[in-house]
Amino acid sequence: MWKRKIIYYIADIFLINLGFYFSFVIRFGTKIPYYNLSAYTSLAFLVTIIYIASNYVFEVYDVKGQKAEDLFEALFQAVGFSTLLLIALAFIARKFSFPRSVILISFIINFVLLFFSKVLLSKIIPLFPDRERILIVGKRNDIKKFLERVKSSDLKREEIVGCVVETNGNNGNDVNCNILGDVEDIPPLIKELNIHRIIVVSTSSYRTYTENLHNNAEDNVKIDVLPGVYEILIGKLQFTTLGDVPLIRLTRNGPPPWYDPLKRIIDVVASLSILILTLPLSLLAAIAIKLDSKGPVIFKQKRVGKNGKLFTIYKFRTMVPNAEAGTGAVLAAKNDPRTTRIGRILRRYRIDEIPQLINVIKGEMSFIGPRPERPEFVERFKHQIENYHERHSIKPGITGLAQVYGGYDTPPDIKLKYDLFYIYNRSFILDLKILLLTVRTLFFGNGH
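For the record, in the sequence shown the residue sitting at position 327 is 327 according to the UniProt record's numbering, with numbers rising by one throughout.
If you are wondering where the hints come from, they were derived from the structure by calculation, not from laboratory data. Where hints are given, some of them may not hold.
DSBU-like cross-link-like pairs, simulated, lysine-lysine; straight-line CA separation at most 30 Å [to be verified]:
id : residue 1 : residue 2
1  : K302      : K362
2  : K417      : K145
3  : K151      : K382
4  : K433      : K5
5  : K315      : K302
6  : K362      : K382
7  : K309      : K433
8  : K417      : K263
9  : K417      : K309
10 : K145      : K382
11 : K315      : K300
12 : K5        : K191
13 : K362      : K309
14 : K222      : K417
15 : K144      : K417
16 : K191      : K222
17 : K294      : K315
18 : K417      : K139
19 : K290      : K315
20 : K263      : K302
21 : K433      : K222
22 : K382      : K144
23 : K151      : K433
24 : K433      : K315
25 : K382      : K309
26 : K191      : K139
27 : K300      : K417
28 : K382      : K306
29 : K382      : K315
30 : K362      : K290
31 : K222      : K139
32 : K151      : K191
33 : K306      : K362
34 : K290      : K300
35 : K302      : K417
Derived DEER-like restraints, expressed as beta-carbon distance ranges [what the hints assert, rightly or not]:
id : residue 1 : residue 2 : range
36 : L262      : K294      : 42 to 48 Å
37 : L283      : G162      : 55 to 61 Å
38 : V150      : R380      : 24 to 30 Å
39 : F421      : L310      : 23 to 29 Å
40 : A44       : Y405      : 32 to 38 Å
Just so it is clear, CB atoms sit at the ideal spot from N, CA and C, and this is done for glycine as well.
All chains should be modelled from the sequences, with the hints used to inform the complete structure.
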């Protein structure tokens with residue numbers, strides 16, 4: 001797959017710049033002014049990076065089993081976002097001395113070139129293969145729970161072929177899956193059914209036969225394990241020995257020592273800049289909130305921060321006043337009836353989060369991290385969810401993995417897995433990916 005994607009990247013790099021050249025020709029004819037073309041060539045690398053990054057964020061390269069209409073939508077959003085960003089840079093930076101009309105023309109040219117190139121590549125190389133064929137392995141109860149969790153997902157690129165049940169598994173529950181045998185039957189099933197991927201869903205006992213899976217599976221068959229909190233916590237580990245006995249040492253290897261201080265500087269500088277740039281938007285939001293419903297513009301609430309310390313969070317109010325007067329503390333939900341008309345818009349585009357930049361400047365929050373929860377919910381979840389306290393080992397954030405991949409109705413235990421993954425794998429590369437995915441939400445209104 002990675003070789004095919006490299007072909008994809010190389011083709012895009014060539015076509016993006018070819019598209020801009022055609023845009024110059026359409027705008028000026030064959031006699032393109034030297035200073036205009038020179039301005040573009042000096043920025044061609046930056047322009048290409050913007051396009052490639054946008055394609056990545058909008059999942060244009062995630063083409064396995066992708067239908068043409070899905071590719072069309074993803075590419076339209078990616079090229080549109082790149083065009084808007086380049087126009088914004090053209091207003092800000094003088095280096096963009098070529099006409100903005102060229103950027104607008106390039107939107108059409110690049111979209112057409114990139115779309116049809118991907119359709120053509122799909123005919124030349126198998127970039128759009130058959131759906132990934134998956135075999136589920138585990139106990140009946142665990143298989144049933146897993147299938148219930150994924151049944152609401154739109155599996156366009158995957159196909160669950162069937163299930164293999166542990167011989168000593170619980171037989172008390174029927175599962176809505178084609179039972180193909182037990183663990184010993186896996187090797188012939190892989191060849192017979194052309195299995196691409198095996199998912200082990202019984203985390204309590206997978207260690208007893210994963211070695212058997214690796215020894216018997218084909219080299220190109222992926223083996224995934226449904227992680228519990230423990231598996232996430234050991235994501236950072238070291239191999240060591242005692243004499244000739246192999247051991248695994250659990251570690252708390254965080255990011256390098258300069259990560260947190262540098263992140264703090266970036267948080268403060270970026271927060272001040274965004275607060276100033278979004279001041280007109282904030283004023284419009286405040287006026288809209290006042291016109292839409294009675295009550296304060298800014299919503300204040302106690303949240304749990306790093307090391308369990310309480311702080312006051314600031315948000316634009318999106319719910320009716322005294323929303324919990326008759327219910328007490330309840331979790332926000334998708335399509336929450338307590339949300340006001342303006343509140344739904346503010347939430348959709350994350351505009352309600354802007355005042356939290358004040359929390360970032362004060363050092364109570366960061367741009368990226370686990371979302372801060374209310375004390376009432378923290379006390380409840382600490383007793384219900386193992387290792388829930390781990391999420392308070394770093395500063396909470398305005399956005400995070402659970403926000404870009406989950407939703408309001410994502411269960412707290414699933415959100416915890418996202419949070420723990422971030423805590424033990426955080427880096428500037430991961431931060432950048434989360435920010436880019438958040439930007440996609442801001443522009444296309446998929447706020448969670």
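Hints and how they fare:
Proximity of K302 to K362 is assessed by CA-CA distance (about 15 Å); at most 30 Å being required, the pair is judged to hold. The straight-line distance between the Cα atoms of K417 and K145 is roughly 17 Å, inside the 30 Å bound, and the hint therefore holds. Between K151 and K382, the direct Cα distance comes to roughly 28 Å. Compliance with the 30 Å bound is thereby established for this hinted pair. Between K433 and K5 the CA atoms are separated by roughly 18 Å; this keeps the pair inside 30 Å, and the hint holds.
The hinted pair formed by K315 and K302 meets the criterion: a straight-line CA distance of about 12 Å does not exceed 30 Å. Taken as a hint, the K362 and K382 pair is honoured in the structure, with Cα atoms around 27 Å apart against an allowance of 30 Å. Simply put, K309 and K433 have alpha-carbon atoms about 28 Å apart, close enough for the 30 Å limit, and the pair holds. At most 30 Å may separate the alpha-carbon atoms for a hinted pair to count; K417 and K263 meet this at roughly 23 Å.
Taking the CA atoms of K417 and K309, the gap is near 22 Å; set against the 30 Å cutoff, the hint holds. Proximity of K145 to K382 is assessed by CA-CA distance (about 23 Å); at most 30 Å being required, the pair is judged to hold. Taking the CA atoms of K315 and K300, the gap is near 7 Å; set against the 30 Å cutoff, the hint holds. Between the alpha carbons of K5 and K191 the distance comes to roughly 26 Å, so the proposed pair stays at or under 30 Å and holds.
At roughly 14 Å between alpha-carbon atoms, K362 and K309 fall within 30 Å of each other, so this suggested pair holds. As the CA atoms of K222 and K417 are separated by approximately 21 Å, the hinted pair is consistent with the 30 Å bound. The straight-line distance between the Cα atoms of K144 and K417 is roughly 20 Å, inside the 30 Å bound, and the hint therefore holds. For the given pair, K191 sits about 14 Å from K222 by alpha-carbon distance, which is consistent with the 30 Å threshold.
Our distance criterion of 30 Å between C-alpha atoms is met by K294 and K315, whose separation comes to about 16 Å. This hinted pair checks out: K417 and K139 have alpha carbons roughly 22 Å apart, not beyond 30 Å. For the suggested pair K290 and K315, the alpha carbons sit about 14 Å apart, so the restraint of at most 30 Å is met. The suggested pairing of K263 with K302 holds, with an alpha-carbon distance near 24 Å, which does not exceed 30 Å.
As the CA atoms of K433 and K222 are separated by approximately 24 Å, the hinted pair is consistent with the 30 Å bound. Of the pairs offered as hints, the one joining K382 and K144 holds, with about 26 Å between alpha carbons and a cut-off of 30 Å not exceeded. Of the pairs offered as hints, the one joining K151 and K433 holds, with about 27 Å between alpha carbons and a cut-off of 30 Å not exceeded. Between K433 and K315 the alpha-carbon distance is near 24 Å, which keeps this suggested pair within the 30 Å criterion.
Restraint check: the Cα-Cα separation between K382 and K309 comes to about 15 Å, which is no more than 30 Å; the hinted pair holds. Under the criterion of a C-alpha separation no larger than 30 Å, the hint pairing K191 with K139 is consistent with the structure, at around 23 Å. A threshold of 30 Å between alpha carbons decides the hint, and for K300 with K417 the separation of about 28 Å falls inside it, so the pair holds. For the given pair, K382 sits about 15 Å from K306 by alpha-carbon distance, which is consistent with the 30 Å threshold.
For the proposed pair K382 and K315, the alpha carbon gap of about 25 Å is at most 30 Å, so the pair holds. Between K362 and K290 the alpha-carbon distance is near 27 Å, which keeps this suggested pair within the 30 Å criterion. Between the alpha carbons of K222 and K139 the distance comes to roughly 20 Å, so the proposed pair stays at or under 30 Å and holds. For a cut-off of 30 Å, the pair hint linking K151 to K191 stands: about 26 Å separates their Cα positions.
This hinted pair checks out: K306 and K362 have alpha carbons roughly 13 Å apart, not beyond 30 Å. Proposed proximity of K290 and K300 is supported: the alpha carbons are some 16 Å apart, at most 30 Å. Restraint check for K302 and K417: the C-alpha separation of about 24 Å stays at or below 30 Å, so the hint holds. For the pair L262 and K294, the supplied restraint of 42 to 48 Å holds, since their beta-carbon distance comes to about 44 Å.
The beta-carbon spacing between L283 and G162, approximately 58 Å, falls within the hinted interval of 55 to 61 Å. A beta carbon spacing of about 26 Å between V150 and R380 agrees with the range 24 to 30 Å that was offered as a hint. Range check, F421 to L310: about 26 Å between beta-carbon atoms, so the 23 to 29 Å window is met. Our hint of 32 to 38 Å for A44 and Y405 holds, since their Cβ atoms are close to 33 Å apart.
Against the hints set out earlier in the document, no violation occurs for any number.
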